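**Student:** These are the residues of each chain, in order.
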Amino acid sequence: MDAFVEALPSEVESKLGKMVSDGEEVLMQVSTDLAQGLDYGEQWLVVTSRRLFLFPTPGIDDAIEASLEDIREVRLEELVGAGKIEIERRDGPPLCVPFSQSLAGKFAEVAEGIRQLSKGETLSLPTEVDRSRCPECGRLLPEKNGICAVCFKKWETFTRILSYMLTYRSKLALMIVLAVITAMLELIPPKITQYIIDDVLTPRTGYDLLFKLVAVLFGVRILMWGTGIAIRWLSQWLGHRSIQDVRTELYQQFQFLPLRFYDRRKVGSLISRMTNDSDRLEMFMVGAIPFIFSNILLFLGILVLLFMTNWELTLLVLLPVPPIIIAGRKIWNRMIRQWSRWGAKWSKLNAQLNESITGIRVVKAFNQEGREGDKFDEHNEAVREVSVDGERNWFVFFTITNFMMSFGAFFVWYFGGKQILNKEMTLGALIAFISYLWMMYQPLRWFGELYNFMLRAFAGAERIFEVIDTDAEKFGDDSAQPMPDVKGRVTFRNAQFGYDPGKPVLKGVDLDVQPGEMIGLVGKSGVGKSTLINLICRFYDPDRGSVEIDGVDMKEAKLEDLRSQIGMVQQEPFLFDGTVAENIAYGKPGAPFEDVVKAAMAAEAHEFIVRKQDGYDMKVGEKGGKLSGGEKQRISIARAILHDPRILILDEATSSLDTQTEKKIQLAISRLIEGRTTFAIAHRLSTLRSADRLVVMDDGKVAEIGTHEELIEKRGIFARLVETQQATTAIMGVGGGKDDPAAVVGK
Amino acid sequence: MDEPSNQNEFADNGEWKPSPIEVTHPEIVKPGDIRLFHDPPWRLRMTIEGDRSYLKIKIVRAAPLTQPDDYICFLDLKDEVICMVDRLEDLAQENHKIVHSELDQRYLTARVERVESIRNEFGVSYWLVDTDRGMREFVTKNVAENAQWIDEKRMMILDVDGNRFEFAGLDTFDKKSRGLIEEVL
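Residue numbers (my numbering), protein chains in the order written: chain V, 1 to 747; chain U, 1001 to 1185.
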């Protein structure tokens, strides 16, 4: 519970110490960021096992106190840009705890905690709250609970990245050795040039020596060329192979992660870990790791040789380096801001273009072509302005840095030249010095770029490792209870569940469903029907209470066995890019073709399939794009029939279809549900007439249970729903006649 | 509000034909009939004289950015709209203070008066500002893209947590603040 016990300021702590009595345990102590008058300021909310205190600071003498027993209701109210907990007491005004949006997540939990305690329940809160800031440096995390791009443990990340390459250690070792050899070889040519100038060209003697020196130069170049090729090949091999391993591990993990993991993350962000993040990591593995050692060696080697050649000149050359770095960084920061502005303007232009083209029908229908054109012109002009500005700054940046970098060369020529004239230095040594100087820029520039490159790659690696390190579902857990033959009895015992803390969706569901029974789940949107289904599939576990299958708590049962006996037909069936036959056999790979056809026949899909040119071998396209909604739906029913589950879920399986198609699908469904425990959700109440019992959900609880007729007679929520639906259908003029089963109300 | 609006027409049989909005929202409330009061002192109630009374209500703005003082909506306990008043002055004078106070409690937009500093890193801007509610630090992402301009001199920035900061009268800001804002926008 540490996340909800924050360190109190000393004055509040001493005041609290005097107020809390013996045996009274402090359970939560959290700070707000809004004062009572809604100005920015701190208040402290302390909840003990008996009481609740609110300390406004400063002026802590005005602490407000309330007994937990005195609390009637705890409400979390969303305001605009803020929120508040309203604690209603049996006597006196409610207690308000305001907070800004920044603390909304924390106070949602706190409200839930106070609610639990006021009802005499045990405090049960998550041990952590979502983090959007780095606890170390306060920087914004790239995503909730993500990794700070600056504070993460770079060395650990580096060694972990390296560990993927260490699988292929002999090739890695060979590559490092070759890189070191290449770095050493690179130092040789300027030195040979020096000998050629000083010992052959200047005295104009020594053909043999010239031949030998040129031969060595040639040999060194050939060797460098050979090692260079070998390093490239090895680094590509190692990098691609290692990243393939990373991707495989990541993908495997994606398959077995619990749905809760996906709830809190955007699909795009997860896919980008597989694409962008792994790309960055790959570039780092291929383009950086092999050259780290060689560039360090090269830099140190050059520095030593420069000092050995002429230490005074070397110091002079290094003199302008610090100002170059400082000035460069300043200009660079400005450039980065410029680029982000340029990116923002382009993004607005793109958005405008995308919107007007996607919505071209609406634009034309409302005769707004001119206005859209004007808007585009405005964005286009903004892009031009910022582009010109950016180019100008870029030009200035380049001119200044190039000019500053050439300072080193001026120094060398002037002071080096003077030393030659004074016979303190040879011409060959000067030429070698200049060569080394230019060579030194290469590893320097490389290391300059490496830091940014490394930060991006490491941040990507951390995001990948975060997924890999998340606990996966215990799919094939051998310690769990095996359930190879599920009968199909489903029992909810006071099941409570919410996707977000403090916002329960199911508030205590009790329901016992017999094997083979068909249950129709009814209720307004958002009352918890789909959530109930999610618990049956064990996509989520209840926060409190339990869901049992054949009397076994689902948490104890082997997930692999459970899922293999639960089937689902969804409102928008998801087909994979493959053939019709492959999609039908998705839940039972390798099923005989005859079984696939039988399932298709039972699902009323056979007829339309054989009418297609390629029949069962027809490619359905991405997400089944080449099929109509009704066709996709029938294929998904065939898939469920072939899967032969004991428990079947029909989630709005027929809602988006026309009446004729729906009739065919109803027929298919009636075959499908035979002998299986079925849970069906449908907004069109008429489709649930065949249900054995209807369960009416309201406000996260089961409000009514009974047959269609019983519930109509009861004249409760269900009857009102039917009445409303009948009235709506009549207004829309598309039904509501005597044929509409919803019309039973009037009978 | 009870008079037929300009959109209304008379049908062929001479009867008054309601506008589409009056078909879906047939209830007409005269602003003068609305009485707001607290009972008990911490609970806002509303009575439409001669018609009905609500034990707890909520007051919201229909267009909080562009029409902050007009088009005021009254919602019941279930957040369903009871009615909307086009102009605040249409309400009885004694209600004005209550409406203003309720709206101030609901809309927590800090009005920025001065920008102390803006630090930019990795596409994220860290602001330190002085507002009418006190000093505050906040963080924005892609601020140039996300700033919502209400008019030429007034804009709203939503920080990464959803807190709102209004920059009104940008031309009256001090030189340093203007420079910092211009740099990120």
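FYI, nobody ran anything at the bench for these hints, they're computed from the structure. Watch out, some of these pointers could steer you wrong.
Each pair of labels, with its calculated beta carbon distance range [to be verified]: (1) U:T1047 - V:L123: 39 to 45 Å; (2) U:D1033 - V:V26: 21 to 27 Å; (3) V:V396 - U:D1104: 48 to 54 Å; (4) U:A1063 - V:V321: 32 to 38 Å; (5) V:T470 - U:N1120: 17 to 23 Å.
If you want the ones that stay clear, here's a sample from chain V, every Cβ over 12 Å from chain U, calculated [to be verified]: (6) G81; (7) V150; (8) V267; (9) P322; (10) S347; (11) R392; (12) N494.
Residues from chain U shown here face chain V by an in silico Cβ test under 7 Å; the list is partial [to be verified]: (13) R1087; (14) H1096; (15) E1102; (16) R1106; (17) Y1107; (18) R1111; (19) S1117; (20) V1124; (21) L1128; (22) R1133; (23) G1134; (24) V1139; (25) A1147; (26) W1149; (27) A1168.
Please read these numbers as outputs of a predicted model, since none were measured by experiment. Using N, Cα and C, we set each Cβ at its ideal position, and we do this for glycine too.
**Student:** It remains to establish, for every hint, whether it holds in the given structure.
**Tutor:** Hint check:
Distance hint check: the CB atoms of T1047 of chain U and L123 of chain V are about 41 Å apart, consistent with the given range 39 to 45 Å. The supplied range of 21 to 27 Å is broken by D1033 of chain U and V26 of chain V, whose beta-carbon atoms lie about 51 Å from each other. Hint check: V396 of chain V to D1104 of chain U, Cβ distance near 49 Å, so the stated range 48 to 54 Å holds. The beta-carbon spacing between A1063 of chain U and V321 of chain V, approximately 58 Å, falls outside the hinted interval of 32 to 38 Å.
Taking the beta carbon of each, T470 of chain V and N1120 of chain U are about 32 Å apart, not inside 17 to 23 Å as hinted. Distance to chain U contradicts G81 of chain V as a non-interface residue, since its nearest Cβ pair spans about 4 Å, not more than 12 Å. Residue-level check failed: V150 of chain V sits 8 Å from the nearest beta carbon of chain U, not beyond 12 Å. Residue-level check passed: V267 of chain V sits 19 Å from the nearest beta carbon of chain U, beyond 12 Å.
The non-interface label for P322 of chain V is consistent with chain U: the shortest C-beta to C-beta separation is roughly 23 Å, beyond 12 Å. Residue-level check failed: S347 of chain V sits 6 Å from the nearest beta carbon of chain U, not beyond 12 Å. At roughly 16 Å, the least C-beta separation between R392 of chain V and chain U is larger than 12 Å, which holds for a residue marked as non-interface. The Cβ of N494 of chain V sits about 26 Å from the closest Cβ of chain U, beyond the 12 Å cut-off, so the non-interface label holds.
With its C-beta approaching chain V no nearer than about 21 Å, R1087 of chain U sits outside the 7 Å limit, and its interface hint is violated. Nearest Cβ of chain V to the Cβ of H1096 of chain U: about 20 Å, over the 7 Å cut. The hint is violated. Interface hint at E1102 of chain U: violated, since its Cβ lies 11 Å from the closest Cβ of chain V, which is beyond the 7 Å cut-off. Because the beta carbon of R1106 of chain U sits about 5 Å from the nearest beta carbon in chain V, less than 7 Å, this interface hint is met.
Proximity of Y1107 of chain U to chain V holds as hinted, the smallest CB-CB distance being about 5 Å (cut-off 7 Å). For R1111 of chain U, the shortest C-beta to C-beta distance to chain V is roughly 12 Å, which exceeds 7 Å, and the interface hint is violated. Residue-level restraint check for S1117 of chain U is violated (minimum Cβ-Cβ distance to chain V is 14 Å; threshold 7 Å). With 7 Å as the threshold, the beta carbon of V1124 of chain U comes within range of chain V, its nearest partner Cβ sitting at about 5 Å, so the hint holds.
This hint is violated: L1128 of chain U has a C-beta 12 Å from the nearest C-beta of chain V, more than the 7 Å allowed. Proximity of R1133 of chain U to chain V holds as hinted, the smallest CB-CB distance being about 5 Å (cut-off 7 Å). For G1134 of chain U, the shortest C-beta to C-beta distance to chain V is roughly 4 Å, which falls under 7 Å, so the interface hint holds. Because the beta carbon of V1139 of chain U sits about 5 Å from the nearest beta carbon in chain V, less than 7 Å, this interface hint is met.
Evaluation of the A1147 of chain U hint against chain V yields a violated restraint, the C-beta minimum of about 10 Å exceeding 7 Å. The closest approach between the C-beta of W1149 of chain U and any C-beta of chain V is roughly 12 Å, which is over the 7 Å cut-off, so the hint fails. With 7 Å as the threshold, the beta carbon of A1168 of chain U stays out of range of chain V, its nearest partner Cβ sitting at about 15 Å, so the hint is violated.
Checked against the numbered hints given earlier, the structure breaks hints 2, 4, 5, 6, 7, 10, 13, 14, 15, 18, 19, 21, 25, 26, 27 and satisfies all the rest.
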